[in-house]
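Participant: Each chain, written out:
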Amino acid sequence: MSTNTNTYSLSGRKKMVSNKKLSWSERIYLIAILKGMMITLRHLFKKKVTVSYPEKVRPFSPVYRGRHMLMRDDEGRERCTACGLCALSCPAEAITMKAAERKPNEIHLYREEKYAEIYEINMLRCIFCGLCEEACPKEAIYLTKSKQITRADVDRENFIYGKDKLVMPLEMALQNTKQNQA
Amino acid sequence: MDKTIIIDKAVIIVIVFAITMLMAMYATLAERKIAAWIQDRLGPNRAGKGGILQPLADGLKLFAKEEYEPNTPNKFLFKFGPFLAMTLALMTSAVMPWGDTLHLFGRDIILQAADINVGLLYILAVLSVGVYGIMIGAWASNNKYSLMSGMRAASQMISYEIAMGLSLIGLLLMTQTMSMREIALQQSGMNWNVFYQPVGFLIFLICSFAETNRAPFDLAECEQELIGGFHTEYSSMKMGFYLFAEYANLFISSAIISVLYFGAYNYPGMSWAAENWSANAANIIGIFVLFAKICFFIFVYMWVRWTLPRFRYDQLMNLGWKSLIPLALLNLVVTAVVILLTK
Numbered sequence: 001m002s003t004n005t006n007t008y009s010l011s012g013r014k015k016m017v018s019n020k021k022l023s024w025s026e027r028i029y030l031i032a033i034l035k036g037m038m039i040t041l042r043h044l045f046k047k048k049v050t051v052s053y054p055e056k057v058r059p060f061s062p063v064y065r066g067r068h069m070l071m072r073d074d075e076g077r078e079r080c081t082a083c084g085l086c087a088l089s090c091p092a093e094a095i096t097m098k099a100a101e102r103k104p105n106e107i108h109l110y111r112e113e114k115y116a117e118i119y120e121i122n123m124l125r126c127i128f129c130g131l132c133e134e135a136c137p138k139e140a141i142y143l144t145k146s147k148q149i150t151r152a153d154v155d156r157e158n159f160i161y162g163k164d165k166l167v168m169p170l171e172m173a174l175q176n177t178k179q180n181q182a
Numbered sequence: 183m184d185k186t187i188i189i190d191k192a193v194i195i196v197i198v199f200a201i202t203m204l205m206a207m208y209a210t211l212a213e214r215k216i217a218a219w220i221q222d223r224l225g226p227n228r229a230g231k232g233g234i235l236q237p238l239a240d241g242l243k244l245f246a247k248e249e250y251e252p253n254t255p256n257k258f259l260f261k262f263g264p265f266l267a268m269t270l271a272l273m274t275s276a277v278m279p280w281g282d283t284l285h286l287f288g289r290d291i292i293l294q295a296a297d298i299n300v301g302l303l304y305i306l307a308v309l310s311v312g313v314y315g316i317m318i319g320a321w322a323s324n325n326k327y328s329l330m331s332g333m334r335a336a337s338q339m340i341s342y343e344i345a346m347g348l349s350l351i352g353l354l355l356m357t358q359t360m361s362m363r364e365i366a367l368q369q370s371g372m373n374w375n376v377f378y379q380p381v382g383f384l385i386f387l388i389c390s391f392a393e394t395n396r397a398p399f400d401l402a403e404c405e406q407e408l409i410g411g412f413h414t415e416y417s418s419m420k421m422g423f424y425l426f427a428e429y430a431n432l433f434i435s436s437a438i439i440s441v442l443y444f445g446a447y448n449y450p451g452m453s454w455a456a457e458n459w460s461a462n463a464a465n466i467i468g469i470f471v472l473f474a475k476i477c478f479f480i481f482v483y484m485w486v487r488w489t490l491p492r493f494r495y496d497q498l499m500n501l502g503w504k505s506l507i508p509l510a511l512l513n514l515v516v517t518a519v520v521i522l523l524t525k
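Chains as they are written, first to last, in the numbering used here: chain A, 1 to 182; chain B, 183 to 525.
Worth flagging that the hints you see were computed from the coordinates, not collected in a lab. No experiment lies behind these values; they were computed from the predicted model shown. Among the hints, erroneous ones may be present.
Said to hold, decoys possible - Derived DEER-like restraints, expressed as beta-carbon distance ranges:
hint : chain 1 : residue 1 : chain 2 : residue 2 : range
1    : B       : Met203    : A       : Arg27     : 38 to 48 Å
2    : B       : Gln406    : A       : Lys145    : 36 to 46 Å
3    : B       : Met333    : A       : Pro91     : 51 to 61 Å
4    : B       : Gln406    : A       : Ile149    : 30 to 40 Å
5    : B       : Asn324    : A       : Ile39     : 37 to 47 Å
6    : A       : Arg27     : B       : Lys525    : 32 to 42 Å
7    : B       : Met203    : A       : His43     : 23 to 33 Å
8    : B       : Arg228    : A       : Lys15     : 25 to 35 Å
9    : B       : Ala474    : A       : Asp155    : 54 to 64 Å
Unchecked claim - In the DSS-like style, the derived pairs of lysine-lysine whose C-alpha atoms are separated by at most 30 Å in a straight line are:
hint : chain 1 : residue 1 : chain 2 : residue 2
10   : B       : Lys261    : A       : Lys46
11   : B       : Lys243    : A       : Lys56
12   : A       : Lys56     : B       : Lys185
13   : A       : Lys56     : A       : Lys98
Unchecked claim - Simulated coverage check for chain A against chain B, where a stretch passes if three residues somewhere in it have a Cβ under 8 Å from a Cβ of chain B:
hint : region
14   : 123 to 129
15   : 157 to 163
Backbone N, C-alpha and C define an ideal beta-carbon position, used for all residues, glycine too.
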């Protein structure tokens, strides 16, 4: 190539390094030091960026996705039918489940004839992308706004959340129903 | 000798000692706070309101730490180093005039531990011995990083002592006295020495930074190269003594700058206050003015530390020998000529 690489710049931001000799006033650095000290003085009075965490919590994004919850319907029955679409859509392969058939005396517990006997999410694998929520045809799984995603632990087994931790508490479902009726 | 004078001096010494300790203690907090503010952070604010108990917490932590001793044949020197650093840091305050004469209980009390006629010389002497604390500790640590730090500290002190001494001779030519008390008295009103010796002040200030081993001249304890330098091997309260001595030094050298160049306890309107209120009131205000000046210079030290990067070793030597010493000599000659011509 015949182009002079010294002046040619792809980004248009290239700057030539100048190695000019410093003048006497530049060499004693006093002015430069004073300039620098003025900059730090300005920062001294600037608004601080620190958030005093436990007292102040930064506002979460409106699209924040927290821990999952398996929903109940208005009558407090689990919505999940164990179709497996959430597990299929999960890019991290964090969800496993085992389906079971509803017995006649369990009608008040599960909405459909099939339900998830075991429903587990591995919280160490989950990336909280929310694809399970989008895939679910029964509106059974949601990612809540819960600020605590998982509890800290030293045992990996404890990060596999079963139905005991994932299913919406019954009282909460009843309260929701009351609110909806009111 | 009069008995009361001994009591007076004892009280003054105890108060000065306590204040030096207190200032050094809170200088550590101030340093952390100012560092944080300059970096847009909040700084320590958990211990007490706004972090006011942080120095106590730090001290308690240091006391609780394991007392580690390296495998060194110089056990005595290893203990002697921090002790010497602390002692010498506190010794300088002896000749500092903290205020003018107070009239209390029917006698005059000079607010100075010792008014010796070679006060300035005493300060220079104690300051230059100050490096021994670092050198001895560094040597006794039996650690190559510490040794390098000690060598750096020694050569730095020697180089900057000369320029410091020369800049002070310029001041001395003007004051015609070495007594700190008289130097303070001469600067009454706005007759501050800094207006007559601006270049001398600048040299003295730069050298003070070097003498107190603070940034941008903290080569002796640079964490990045020497893992803390002379206090690498120190732990627990010995380490605390070194750190504390550094802040005591900071306080003392701010006091020296205030007394020598910024009119000590003098402030504009002091004579007016003495006439309209009372001499005692004017002098007590003077003590607070002196402390305000000292606090300002402590702030300047910290401000500079968190602004400027550290000098390289050769740059430090170049600045000391090739710039500051010739400049100090020139300042000395010009001062001498001007004094000769105006007399």
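Participant: At the C-beta level, are B:Met203 and A:Arg27 separated by a distance inside 38 to 48 Å?
Facilitator: Distance hint for B:Met203, A:Arg27 holds at roughly 42 Å.
Participant: Need the status of pair A:Lys56, B:Lys185: alpha-carbon distance at most 30 Å?
Facilitator: 61 Å, violated
Participant: Would you mind confirming whether the straight-line C-alpha gap from B:Lys243 to A:Lys56 stays at or under 30 Å?
Facilitator: Status holds; Cα separation ~28 Å.
Participant: Between B:Asn324 and A:Ile39, is the Cβ distance one that fits in 37 to 47 Å?
Facilitator: Check passed, 43 Å falls within 37 to 47 Å.
Participant: Holds or violated: B:Lys261 with A:Lys46, Cα cutoff 30 Å?
Facilitator: The given pair, whose Cα atoms are some 44 Å apart, is violated under the 30 Å limit.
Participant: For the pair supplied as a hint, A:Lys56 and A:Lys98, confirm whether the alpha-carbon distance does not exceed 30 Å.
Facilitator: With a Cα-Cα distance of about 42 Å, the restraint between A:Lys56 and A:Lys98 is violated, given a limit of 30 Å.
Participant: Is 23 to 33 Å respected by the C-beta to C-beta distance linking B:Met203 and A:His43?
Facilitator: At 31 Å between Cβs, range holds.
Participant: Quick check: does the Cβ-Cβ distance between A:Arg27 and B:Lys525 fall within 32 to 42 Å?
Facilitator: Since the Cβ atoms of A:Arg27 and B:Lys525 sit about 36 Å apart, the hinted range of 32 to 42 Å holds.
Participant: With a Cβ-Cβ cutoff of 8 Å, does the region 123 to 129 of chain A contain at least three residues near chain B?
Facilitator: Check failed, 0 qualifying residues.
Participant: Are there at least three residues in the region 157 to 163 of chain A whose beta carbon sits under 8 Å from a beta carbon of chain B?
Facilitator: Not satisfied, violated; 0 residues make the cut.
Participant: Please check whether B:Arg228 and A:Lys15 have a Cβ separation lying inside 25 to 35 Å.
Facilitator: Distance hint for B:Arg228, A:Lys15 is violated at roughly 45 Å.
Participant: For B:Ala474 and A:Asp155, compare the CB-CB distance with the range 54 to 64 Å and indicate the outcome.
Facilitator: For A:Asp155 against B:Ala474, whose Cβ atoms are near 59 Å apart, the range 54 to 64 Å holds.
Violated hints for the displayed structure, listed by number in ascending order: 8, 10, 12, 13, 14 and 15.
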